[in-house]
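With chain A's structure known, arrange chain B with the ligands on it following the hints.
Chain by chain, the residues run as shown.
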Amino acid sequence: MIPTAPSKTTGVVFDVQHYAVHDGPGIRTLVFLKGCPLRCAWCCNPESQGAGPELRHARVRCRGCLRCVAACPAGAVTPGQDRLPVFDRDSCVRCADRPCVEACPSDALSVCGATMTADQVVARVAKDRAFYRNSGGGVTFSGGEPLAQPDFLAACLEGCRDEGISTAVSTSGYAPSEVLLRIAPLVNLFLFDLKLADTQEHLKWTGVPNDTILANLGFVATNVPVIVRVPLVPGCTDTPANLAGLADIIASIGVSQVNVAPAHGMGISKYADLGRDVPLDVIPPTRSSLLEAVFAFRSKGLICDAF
Amino acid sequence: MTDSFAPREVHGKPSSDRVRQLKQAYLEAPLMVDIEYIRRLTESHRRTDGMEVLERRAEDHAYALEGLTPIFHPGERIAGHKTRFIRGAIPYANYAAGPFLREMRRQQQDAQQKYVDLGEGGGVQHARREAEGGDSEVFSGKFLISRDELAEFRGICEYWEDKCLMEAGDRLWKTSFPGAGFIEDGWTIGLFTAPHDPCPEGRIVLDFRAALSRGYLALIAELEQRIATFRPGGPMGPDLHFWRASLRSLRGALVLAARYAAEARRLAAAEASPIRRDELLAMADACDQVPARPPRNFREAVQSFWFTYLLGHLEGAHLGYSPGRLDQTLFPYFRDDPSATWEDAVELAEELFVKMTRIEYIASMSWQGLGHGNLYQNLILGGLNSLGEPADNLLSKAFLQAQINLQMTQPTLSIWWHPTLSDGFLRTAVECVKTGVGYPAFFNLETYVRHEAAVTGLPIEVIRENAAMGGCTEPTLEGMSYGVVQAGFVNQGKLLELAMHDGVDPVTGVRMFPPCHPTTYDDVVGSFQDKMHVAVRNWQQYWNYVMLAHRQTVPLVFCSIFVRDCLGRGRCMDDGGAVNNRTPTTLSSGLVNVANSMAAIRKVVFEDRAATFAELQSALVANFEGHEALRKRLVNAPKWGNDDETVDRVFLDLFDDYVNWAADQRNYLGEPYDPSMLAISTPVPFGKACGAFPDGRLAGQPLADGVTSPFPGTDQNGPTAVLRSSIKVDHTRIRGGLLNLKFHPTALAGESGAQNLLALIKTYFEGPSFHVQFNVVDSHMLKDAQAHPDRYRDLVVRVAGFSAYWVEMSRALQDQVIERTEHSL
Ligand code: SF4
Ligand code: SF4
Numbered sequence: 001m002i003p004t005a006p007s008k009t010t011g012v013v014f015d016v017q018h019y020a021v022h023d024g025p026g027i028r029t030l031v032f033l034k035g036c037p038l039r040c041a042w043c044c045n046p047e048s049q050g051a052g053p054e055l056r057h058a059r060v061r062c063r064g065c066l067r068c069v070a071a072c073p074a075g076a077v078t079p080g081q082d083r084l085p086v087f088d089r090d091s092c093v094r095c096a097d098r099p100c101v102e103a104c105p106s107d108a109l110s111v112c113g114a115t116m117t118a119d120q121v122v123a124r125v126a127k128d129r130a131f132y133r134n135s136g137g138g139v140t141f142s143g144g145e146p147l148a149q150p151d152f153l154a155a156c157l158e159g160c161r162d163e164g165i166s167t168a169v170s171t172s173g174y175a176p177s178e179v180l181l182r183i184a185p186l187v188n189l190f191l192f193d194l195k196l197a198d199t200q201e202h203l204k205w206t207g208v209p210n211d212t213i214l215a216n217l218g219f220v221a222t223n224v225p226v227i228v229r230v231p232l233v234p235g236c237t238d239t240p241a242n243l244a245g246l247a248d249i250i251a252s253i254g255v256s257q258v259n260v261a262p263a264h265g266m267g268i269s270k271y272a273d274l275g276r277d278v279p280l281d282v283i284p285p286t287r288s289s290l291l292e293a294v295f296a297f298r299s300k301g302l303i304c305d306a307f
Numbered sequence: 001m002t003d004s005f006a007p008r009e010v011h012g013k014p015s016s017d018r019v020r021q022l023k024q025a026y027l028e029a030p031l032m033v034d035i036e037y038i039r040r041l042t043e044s045h046r047r048t049d050g051m052e053v054l055e056r057r058a059e060d061h062a063y064a065l066e067g068l069t070p071i072f073h074p075g076e077r078i079a080g081h082k083t084r085f086i087r088g089a090i091p092y093a094n095y096a097a098g099p100f101l102r103e104m105r106r107q108q109q110d111a112q113q114k115y116v117d118l119g120e121g122g123g124v125q126h127a128r129r130e131a132e133g134g135d136s137e138v139f140s141g142k143f144l145i146s147r148d149e150l151a152e153f154r155g156i157c158e159y160w161e162d163k164c165l166m167e168a169g170d171r172l173w174k175t176s177f178p179g180a181g182f183i184e185d186g187w188t189i190g191l192f193t194a195p196h197d198p199c200p201e202g203r204i205v206l207d208f209r210a211a212l213s214r215g216y217l218a219l220i221a222e223l224e225q226r227i228a229t230f231r232p233g234g235p236m237g238p239d240l241h242f243w244r245a246s247l248r249s250l251r252g253a254l255v256l257a258a259r260y261a262a263e264a265r266r267l268a269a270a271e272a273s274p275i276r277r278d279e280l281l282a283m284a285d286a287c288d289q290v291p292a293r294p295p296r297n298f299r300e301a302v303q304s305f306w307f308t309y310l311l312g313h314l315e316g317a318h319l320g321y322s323p324g325r326l327d328q329t330l331f332p333y334f335r336d337d338p339s340a341t342w343e344d345a346v347e348l349a350e351e352l353f354v355k356m357t358r359i360e361y362i363a364s365m366s367w368q369g370l371g372h373g374n375l376y377q378n379l380i381l382g383g384l385n386s387l388g389e390p391a392d393n394l395l396s397k398a399f400l401q402a403q404i405n406l407q408m409t410q411p412t413l414s415i416w417w418h419p420t421l422s423d424g425f426l427r428t429a430v431e432c433v434k435t436g437v438g439y440p441a442f443f444n445l446e447t448y449v450r451h452e453a454a455v456t457g458l459p460i461e462v463i464r465e466n467a468a469m470g471g472c473t474e475p476t477l478e479g480m481s482y483g484v485v486q487a488g489f490v491n492q493g494k495l496l497e498l499a500m501h502d503g504v505d506p507v508t509g510v511r512m513f514p515p516c517h518p519t520t521y522d523d524v525v526g527s528f529q530d531k532m533h534v535a536v537r538n539w540q541q542y543w544n545y546v547m548l549a550h551r552q553t554v555p556l557v558f559c560s561i562f563v564r565d566c567l568g569r570g571r572c573m574d575d576g577g578a579v580n581n582r583t584p585t586t587l588s589s590g591l592v593n594v595a596n597s598m599a600a601i602r603k604v605v606f607e608d609r610a611a612t613f614a615e616l617q618s619a620l621v622a623n624f625e626g627h628e629a630l631r632k633r634l635v636n637a638p639k640w641g642n643d644d645e646t647v648d649r650v651f652l653d654l655f656d657d658y659v660n661w662a663a664d665q666r667n668y669l670g671e672p673y674d675p676s677m678l679a680i681s682t683p684v685p686f687g688k689a690c691g692a693f694p695d696g697r698l699a700g701q702p703l704a705d706g707v708t709s710p711f712p713g714t715d716q717n718g719p720t721a722v723l724r725s726s727i728k729v730d731h732t733r734i735r736g737g738l739l740n741l742k743f744h745p746t747a748l749a750g751e752s753g754a755q756n757l758l759a760l761i762k763t764y765f766e767g768p769s770f771h772v773q774f775n776v777v778d779s780h781m782l783k784d785a786q787a788h789p790d791r792y793r794d795l796v797v798r799v800a801g802f803s804a805y806w807v808e809m810s811r812a813l814q815d816q817v818i819e820r821t822e823h824s825l
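Chains A and B, in that order, are what the protein sequence lines are.
Letter 31 of the first sequence, counting from 1, is numbered 31 in this note's numbering, and no numbers are missing.
Letter 748 of the second sequence, counting from 1, is numbered 748 in this note's numbering, and no numbers are missing.
Extracted from the complex, chain A is given alone in its bound form:
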């Protein structure tokens, strides 16, 4: 098999955000790759989880005109009880020209995820080069799980490297170790998520155990600068035992910097938009529990902030 030229490698991207300032140093561009092997109950980007492009029906914008029903050639859209359309995602044939989206007068329908070549991604990222240079910023690949599209990610990282752009990868760490072996040399900074210290708990809340993740963190941390990020989800990750356990793991691996990210419920409406049930009713942590969490890490000698 002849490998495709790296620049022509394609992948599925669901968003690109410019002037991102919370995902690594300086002014950054965030590239969100679609598809994730985990199913964290608190995920605020459910549209990032599936691997392919997905139809989203933003119910708050829908005015029930049902033009999408008429437009669909496959009969996948039917009028529902509340006079809003219902999308049968199994019978949807994913038309290339998306007649339903075209027909919608109120921008209630959209497709999450677009196929892009690595070239296109790099060109888009490179547009902000002057901002990176003046701020010490760069690009951050996030997801979904960027490591779930290893060829595409590698091609994008190589392209950015060639342009002299500093690179970061934000990951759950859940990937075969050979993927990390291949990606790590192309990365200037890892933003590495750790959620739960106990592997059973990890399995319960995310759908996968944490042994691979911890092994990968150990490998990455010896080669590339790492910031560990801990999502603070009340009732899931915020117990003193978990925080202490995570702090011990992080300290023993030799990572010195931790960011605590308070959960917010802002993605909840998107589950319904995608025709899915809400897995967990996320309640944001209180200010005091946030401070306690930060303190739990600082007390183990780690540099820790929350945002």
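Hints in this document: simulated from the structure, not taken from any laboratory.
A few of these clues could be false.
Label pairs and their calculated CB-CB ranges [claimed, not checked]:
#	chain 1	residue 1	chain 2	residue 2	range
1	A	Ser252	B	Gly713	45 to 51 Å
2	B	Gln716	A	Asp162	23 to 29 Å
3	A	Ile303	B	Trp342	32 to 38 Å
No experiment lies behind these values; they were computed from the predicted model shown.
By construction, the Cβ of each residue, glycine as well, lies at the ideal position given by its N, Cα and C atoms.
Same frame as chain A, but now just chain B with the ligands:
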């Protein structure tokens, strides 16, 4: 999801109880009309018939000054007020009596009034409430005037009705200008802003450095010498009348200063508190010393500046009259005063800011609406000195600190940005941005230097040393520029409509141009440009007549004394005495909507052929009702502010054409007009006057604000893409420019947030860009403020080249600020 919102990170407090009370008194005061000045001016004018124009103007003004009541508000340490009230405005009936009379007769003031909204809350509300109770009436929408004074004022206006600038100008252009009908129709359909005879001047900074360092007595001696040795120099030589008039103005000014000194002593004698007594006596001493002689210390320097600033302000109906580079003007006195401390500097700056905010203006309702009560007194910090070294100093920082502490709407605080400015100064500037007050705005000095060098040919070091800002976003050379500029705007959006509808205004049915039937994309663009050319040419010509009438009715004599080289040349500003007479600009707004519309027409009508031109016309007339699918296609066409090559090219071509054309006509003083683009509040009334646009904008919606700000909701690639579009515009070709960015507080949080913002500014200013300003607010908070105005009495937000109290803004403008895309990640 909580519905709480992210607080602004920085919240200042006045540095003393004194300032806190001054600010509080301001917030609680109603807006008042004060007729004292205009009463005295009119009294004199009745007697001076037959005098030469300049001498008469000086005599009337000086006589008025000599009768002003000296006012000291509790606690203040800088003497001098424009009116007797905490928030007062002088109704300059000598400029335009007509709008006031029509207001008294309960008539519509002008064709524009229907397009303009006034705010409702704050001081406006105080005025209305007080009027319900007593012997006062609400005047001009938001001011309070006592019944007695109103009756007297009616007589004053009747006296000026046929003598004021507006009437003299109208008589002139309506009887001699072939385009007069076009201008009047243009007002009817909202193609131009209202006649701005009520506030024709401003955008000027006097030579405060000379006023301080020389003192009025030295100037008087110089004038006496010049008059005594006068030798005629022909029609272009010195005008003896101007020198005589200047002498009279200066003497009147000194009488006013002496009255302040006497009043301070009288109050001191009656004062119980020994501390306040000493303060009053110190003020009396200062008024004895300045502005007659050079200041002996920092406090007197501030007082001296304030007198000259105030006296110039009193003379004209200014908008955009500015203090300029006050950090440079005052620094030598601060540095050389061993007793002046940082705390003094901050507190005096706070007092100055309160004093500036207290000045109100009353003009026609249309101009009140356009300016939203803001006088655009621009104080600009930093920049370079004549050697090209960074000029920021301790006072630059003190002015920023004062604004952080106080959060007043005036002065309009700005920074001349240059990469060599000190980090500490820039960091303080970002702190000020984080208060959400909308100040300072950042201006790219190098771009302006290149512009001014190209149009005036003045040496770079002269431009650097005198570069200042006159008004919201319009640069000028301080102490050496002509100040009667063209403040009116051309509505580019209305020109687009005329091009779309065969030369007829679809809203009013008025025909402005012969029929045109475009069949290609180039036809549409060409038709727009032809109409723009006619409109701009007529607008410039019309203003030239008004400038001539200005010379004959209200020439600026006192201000000319402090504009180089009027004294040396013996000619007032109106006669070309200034070194730089290239300041009159031609202004327009709304070009972003035109570019978006052209790009949409090209894509949808001429490329995709999804609709015919005629179908598009009827969809626009129907405001897209029943044409939703077409509107969706138009909305999805490329939009300015996304770094999209196709639409950006359209914008740049339209920009070039406008700039070339506007500069192709001469102003009243014989210099080419300087093309410019600003906004103030024009996007709201201009949008109100327009029907639906081919870019998908609905009828009545405001136009895109600023000059290069994207239309709300159409910038979908974040702030860097907005900047990448905007950086393509060669701002060295215009005098001005304006870009608004709105940030969520979290995007600027902490040390890294500050560094990133500075990096963003630096990157933007690496190109030929000119201006950027930031609104740091959360849209949830603004919606809350709309619902509960009482809780947000002191919320200040950036509008367009200026900041305003939220509660005093019109609902439409509030909505526009909320909609402006919030960049938060
Ligand atoms: S076309 Fe759009 S607005 Fe109409 S029912 Fe379908 S999703 Fe809702
Ligand atoms: S993509 Fe095609 S099949 Fe699927 S809902 Fe839309 S129109 Fe129907």
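- Query: Looking back at the hints listed earlier, which ones does the structure fail to meet?
  - Reply: none
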